[in-house]
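Based on the provided sequences and hints, a complete structural model is requested.
Once you know that position 241 of the sequence shown is 259 in this note's numbering, the rest is easy, because the numbers rise by one and skip nothing.
Hints were generated in silico from the structure; no laboratory data involved.
Pairwise CB distance ranges (calculated):
hint: 1; residue 1: Ala411; residue 2: Ala30; range: 16 to 26 Å
hint: 2; residue 1: Leu260; residue 2: Leu400; range: 40 to 50 Å
hint: 3; residue 1: Leu23; residue 2: Leu408; range: 14 to 24 Å
hint: 4; residue 1: Ala240; residue 2: Pro217; range: 21 to 31 Å
Mimicking EDC-like on lysine to aspartate or glutamate, the simulated pairs with C-alpha atoms at most 16 Å apart in a straight line are:
hint: 5; residue 1: Lys20; residue 2: Asp168
hint: 6; residue 1: Lys160; residue 2: Glu215
hint: 7; residue 1: Lys105; residue 2: Asp295
hint: 8; residue 1: Lys105; residue 2: Glu300
hint: 9; residue 1: Lys446; residue 2: Glu429
hint: 10; residue 1: Lys101; residue 2: Asp295
Each residue gets a CB set at the ideal place from its N, CA and C atoms; glycine is no exception.
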Amino acid sequence: MKSRLIFWLAAAVLVLAQFQDHRWKVQEVFDWDGGGYYGYLPDYFLYGGPGRADSLNQLLLASRPGQPHPMGRMGMHRLPNGKVLIKYPLGVALGQLPWFAGAHLYARWHGDPPNGYSRPYQQAVMVAGLVYAIIGLWVLRKLLRRYFPDHVVAWTLGAIALGTNLLGYATYEAAISHAALFMWQAALLYCTARWYESPRRRWAAGMGLFLGLAVLCRHSEAVYALIPLTWGLGAGRRPAVLGRYLDQLLMAGGVAAAVLSLQFFHWHAVSGHWVADGYQGEFFDFRHPHIIEGLFSFRKGWLLYTPLMAPALLGTGWLRRWVPGALAPVLVLLPVLLWVTFSWQQWWYGGGFSARPLISVYPLLALPLAALLASAATRGGLVWVVLRTLLVAGIVLNLWQTWQWNGGIIESENETRALYFQRFFWRKFPEAPRRW
Numbered sequence: 019m020k021s022r023l024i025f026w027l028a029a030a031v032l033v034l035a036q037f038q039d040h041r042w043k044v045q046e047v048f049d050w051d052g053g054g055y056y057g058y059l060p061d062y063f064l065y066g067g068p069g070r071a072d073s074l075n076q077l078l079l080a081s082r083p084g085q086p087h088p089m090g091r092m093g094m095h096r097l098p099n100g101k102v103l104i105k106y107p108l109g110v111a112l113g114q115l116p117w118f119a120g121a122h123l124y125a126r127w128h129g130d131p132p133n134g135y136s137r138p139y140q141q142a143v144m145v146a147g148l149v150y151a152i153i154g155l156w157v158l159r160k161l162l163r164r165y166f167p168d169h170v171v172a173w174t175l176g177a178i179a180l181g182t183n184l185l186g187y188a189t190y191e192a193a194i195s196h197a198a199l200f201m202w203q204a205a206l207l208y209c210t211a212r213w214y215e216s217p218r219r220r221w222a223a224g225m226g227l228f229l230g231l232a233v234l235c236r237h238s239e240a241v242y243a244l245i246p247l248t249w250g251l252g253a254g255r256r257p258a259v260l261g262r263y264l265d266q267l268l269m270a271g272g273v274a275a276a277v278l279s280l281q282f283f284h285w286h287a288v289s290g291h292w293v294a295d296g297y298q299g300e301f302f303d304f305r306h307p308h309i310i311e312g313l314f315s316f317r318k319g320w321l322l323y324t325p326l327m328a329p330a331l332l333g334t335g336w337l338r339r340w341v342p343g344a345l346a347p348v349l350v351l352l353p354v355l356l357w358v359t360f361s362w363q364q365w366w367y368g369g370g371f372s373a374r375p376l377i378s379v380y381p382l383l384a385l386p387l388a389a390l391l392a393s394a395a396t397r398g399g400l401v402w403v404v405l406r407t408l409l410v411a412g413i414v415l416n417l418w419q420t421w422q423w424n425g426g427i428i429e430s431e432n433e434t435r436a437l438y439f440q441r442f443f444w445r446k447f448p449e450a451p452r453r454w
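Right under this line is the structure:
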């Protein structure tokens, strides 16, 4: 089938992109957000328990006296009790745990330092993100195949995998949260759709589990609870389904709460309080969201750097015909998500490519994109040809710009209109080294 071929082609491109980059140095993988998300694992399993997340700092200080690794870059703060609090939630580390265990065994057997930061750990963390993105694409394909013809699924899958900034965060930046979040959100969407088709406990448990894991990766992912809450809103059968299977919904909530409780237990172990604020000096300003800049600016505009999401948004108008249950989640979640995302004080979210927090919504937006493509394919003719041409152009542009961003040609934080057009055809940066 075409969609299966595209899935394996996309997976091959992701693998090649990550392994040709050879980003296997400790201060490349375990730096900034990547080090912060990961810090729980050596903290708990190698260095004496919670509150020792500065272990990388201590290792580097021992090897290079006077030059420790700045903990602040990894989102770590020393508390008055002497322990170290990581501002990032522990969900990414939980997903990396099997890979960490495998890397630790490999390091011990092959003579690498079993310190949590040597080469096997670096490779394991990067490959974990890569594999999670590929699994997310597989789940997304399964979902799309329930509603759309195979050739439409193939085009949609190719656009999401290769035509969006998911590509960069499944490869060059696989150590941070977004590849895992893409997988969790694809799984949440799949379980939601299956539960409303045939309410069973396994699908309800899946909704609670995957929503809980997503929120455990980034707390703002809590807004994705709107997907199961609004799926099929407006359909006559929906209130009866909710009333009849309320026990399953309560079970889903219980599963999500059990997953999230891990964070509260960690906070208590480190700080003595059930809730600890690691985001000191960072906050949401909901009265002054930067939605226009977040969507269109040259600094980090989502639709500027990921233009294939524009036809996905346009496809909402055709969604009722193909996946009526998904119409309300798109219409309700998207405005809330944009408002919350771009109300963050640092609305551009530091170094990165395009609006990285929105990668989580790509499984949902794949549905209206597929609806638009399916409607065009049904009509055929020039519209179908033009739309496929636009998809190919968007994929080529994304491949080019992702490669430029990885090479430092596109500024990760301070891109401007002038720099963008001045460097648009650059193949390499003439003087400076790679962006890290």
